[in-house]
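Peer 1: The lines below spell out each chain.
Number of protein chains: 2
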Amino acid sequence: LQSTNTINPKQRYTVRCDVQGSAIARIVGRTTKNFPDDFNSTVRMWVFEETVDGEKLSEIINTRHENVKYLPGKKLPENVVAVPDLVESCDGANILIFVVPHQFVRKICHQLEGKLGSDVQAISLIKGLAAPYAEKLGGVKLISDEIKEILNIDVSVLMGANLAHEVANDDFCEATIGCKKKAQYGAILKRLFNGDNFRINVVEDAHTVELCGALKNIVACAAGFTDGLGYGDNTKAAVIRLGLMEITKFVEHYYPGSNLETFFESCGIADLITTCYGGRNRKVCEAFVKMGKPLEVVEKELLHGQSAQGPLTADEVYYMTEKSGLSEKFPLFTAVHRICKGEIPPQDLISHLRDHPEYSQPI
Amino acid sequence: LQSTNTINPKQRYTVRCDVQGSAIARIVGRTTKNFPDDFNSTVRMWVFEETVDGEKLSEIINTRHENVKYLPGKKLPENVVAVPDLVESCDGANILIFVVPHQFVRKICHQLEGKLGSDVQAISLIKGLAAPYAEKLGGVKLISDEIKEILNIDVSVLMGANLAHEVANDDFCEATIGCKKKAQYGAILKRLFNGDNFRINVVEDAHTVELCGALKNIVACAAGFTDGLGYGDNTKAAVIRLGLMEITKFVEHYYPGSNLETFFESCGIADLITTCYGGRNRKVCEAFVKMGKPLEVVEKELLHGQSAQGPLTADEVYYMTEKSGLSEKFPLFTAVHRICKGEIPPQDLISHLRDHPEYSQPI
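As given, the protein sequences belong to chains U and S, one line each in that order.
Each residue of the first sequence is one higher than the one before, counting from 1 in this note's numbering.
Each residue of the second sequence is one higher than the one before, counting from 1 in this note's numbering.
Chain U extracted, bound-state conformation:
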């Protein structure tokens, strides 16, 4: 099989077993059993240890094969083994699957520094950007680049419209793998995730795939504002479309070399649609308009301590476009940033979109 002799993926692990991690461990537990020539049958999953009703979570998982805390009611394949020590969970692994909240990435990577084998690659499922870099580095930083910088390994990404609960229900869904060394790693990574109800495509422009996963959250904020303001389906569709156009322009300008067709993959339009109709950024921003309270207060009330990615991403993107003198070329991104900051009211969103560069195409 074309890729095995190159990367020999005898083991792999899923970092941190929350709901996303557990949902993906179920997928990977199955695929690795199905392809014993390609994969070691054991999938090690790093579990941040905690106690549930007096028992250690890792022991519960390894005896009852269920993550009773984060994904109750869904059996994990028996070849998924919880390991509470991070370094031990990665010992000898060839493929690392990152599924952690984005703010933990740097710390985890530093813990692994110098402790990985020589033929290791990673794949990140984390949607978002590296923790606030805007002012230090002048803009957006991709999580895959952060992992690569610290661990010096190839990092692919997997993005798409695949909320953990639907994946865990084995509902039909899709994902896009972005892999810069597609010829070398594409087939084995596809085999690692692809299943009857989790359909995978692999593309080469990994930066585009990852940026779609991050930037869509800004667009979802705009969609939430239009919902909160009581606009109908057409206005919302226009806002989503203009947002998509800004995503394509942003990628084209700051990460040149993208392929327009990548935006037609699950990581592009499909994830954007899902996020603009069902996601938490949309929800928070709709409530922000209706409640009339500052965004932080709305987030606290609705998300129970978690924060929405969209406003943070809008902040970093604005820092970047403003510095390049391009913020006016991205009126939706800029308006979302300014609305979230309280600089302009949400009612101003539409007036900022009326003269969108999209409408100035030459005839």
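Quick caveat, the hints were computed from the structure, so don't treat them as lab data.
Take the hints with a grain of salt, since some may be wrong.
Stated by the list, open to error - Computed cross-link-like contacts, DSSO-like style, restricted to lysine-lysine with a CA-CA straight-line distance of at most 27 Å:
| # | chain 1 | residue 1 | chain 2 | residue 2 |
| --- | --- | --- | --- | --- |
| 1 | S | 329 | S | 249 |
| 2 | U | 249 | S | 249 |
| 3 | S | 283 | U | 182 |
| 4 | U | 249 | S | 182 |
| 5 | S | 182 | U | 329 |
| 6 | S | 75 | U | 182 |
| 7 | S | 283 | U | 283 |
Claimed, not checked - To list a few chain S residues with every Cβ distance to chain U over 10 Å, as calculated:
| # | residue |
| --- | --- |
| 8 | 92 |
| 9 | 202 |
| 10 | 266 |
| 11 | 324 |
| 12 | 338 |
Claimed, not checked - Partial list, derived from the structure: chain U residues whose beta carbon lies under 8 Å from chain S:
| # | residue |
| --- | --- |
| 13 | 162 |
| 14 | 202 |
| 15 | 269 |
Glycine included, every Cβ here is placed at the ideal spot set by N, Cα and C.
Once you've looked at the hints, dock chain S against the given chain U.
Peer 2: Same frame as chain U, but now just chain S:
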């Protein structure tokens, strides 16, 4: 102004003043007043005469400037003049705007045959396909082509996410004009429709624009089935995306020369999103699954005598792909057709999508 000496559009009219026609007449009434050098100030609107509370509808419109039957509560500009005679309403006009139910197009064109001036062009806002041609002509027939064949004039199209009621409310929305002679007619057509809350882009591949408007209804049927079957956001997003890919493939194969960027216009993804979340095809197909009655019965109960376009379009498209031996390349279109015909249960939709050609891209 660049186009006026070429086409000198002194007059235009909106065919048939139902809700769509009246909403568009409000738009065109305003733009023509704003550009007196380009346009004759009078917009003639053909009104299929009927009596409302003992008064003629055309007289009500011309005195009270309101289409009390089809768009009550919205004032029409005073330069919009209702004309009950079709031929008279077109006399001397340079631009004809077609906004009629698709089944009336042929009859109307035949009434106008030989009675138009020499420098007349048309623009069609009709979404759908020419009345069932599949068996006679071997497939899909575009309404613009039908008008062109009978009247022998240039026909552009205007499509997009712009439901009449939102347009009439002056909510922000967009539209795409597809105009094969963009250099010649593009600017004047944009000026005729473009306003603060009705933003227009013009592209050259008019067939693509028109086909997006028709084929999206098949995808909306599939989206409705997934809703009816209780699937979540990810499955629905996957279905919408696969549907979009089939639209692009269909256009590429049967109407070559499309530009991928056109699918990013309002006529493409934006209208598709709106239709798959809010449209009547989605609604009927969701109810079809839940009620378990034949489609015709569901349509009758829900649409009060109107019919959904999606199943008809799926039928014509299937006739065409089957004849070319390509129906398996369009598994979503084919499954929708077969489900609507009662040949397979809606539950089979997903199993037909699992091995979609989209997932067989070479690595």
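Peer 1: For every hint, state whether the structure bears it out.
Peer 2: So, going through the hints one by one against the coordinates:
no.	hint	result
1	S:329 with S:249	9 Å, holds
2	U:249 with S:249	24 Å, holds
3	S:283 with U:182	41 Å, violated
4	U:249 with S:182	24 Å, holds
5	S:182 with U:329	25 Å, holds
6	S:75 with U:182	59 Å, violated
7	S:283 with U:283	24 Å, holds
8	92	26 Å, holds
9	202	5 Å, violated
10	266	6 Å, violated
11	324	23 Å, holds
12	338	18 Å, holds
13	162	6 Å, holds
14	202	5 Å, holds
15	269	6 Å, holds
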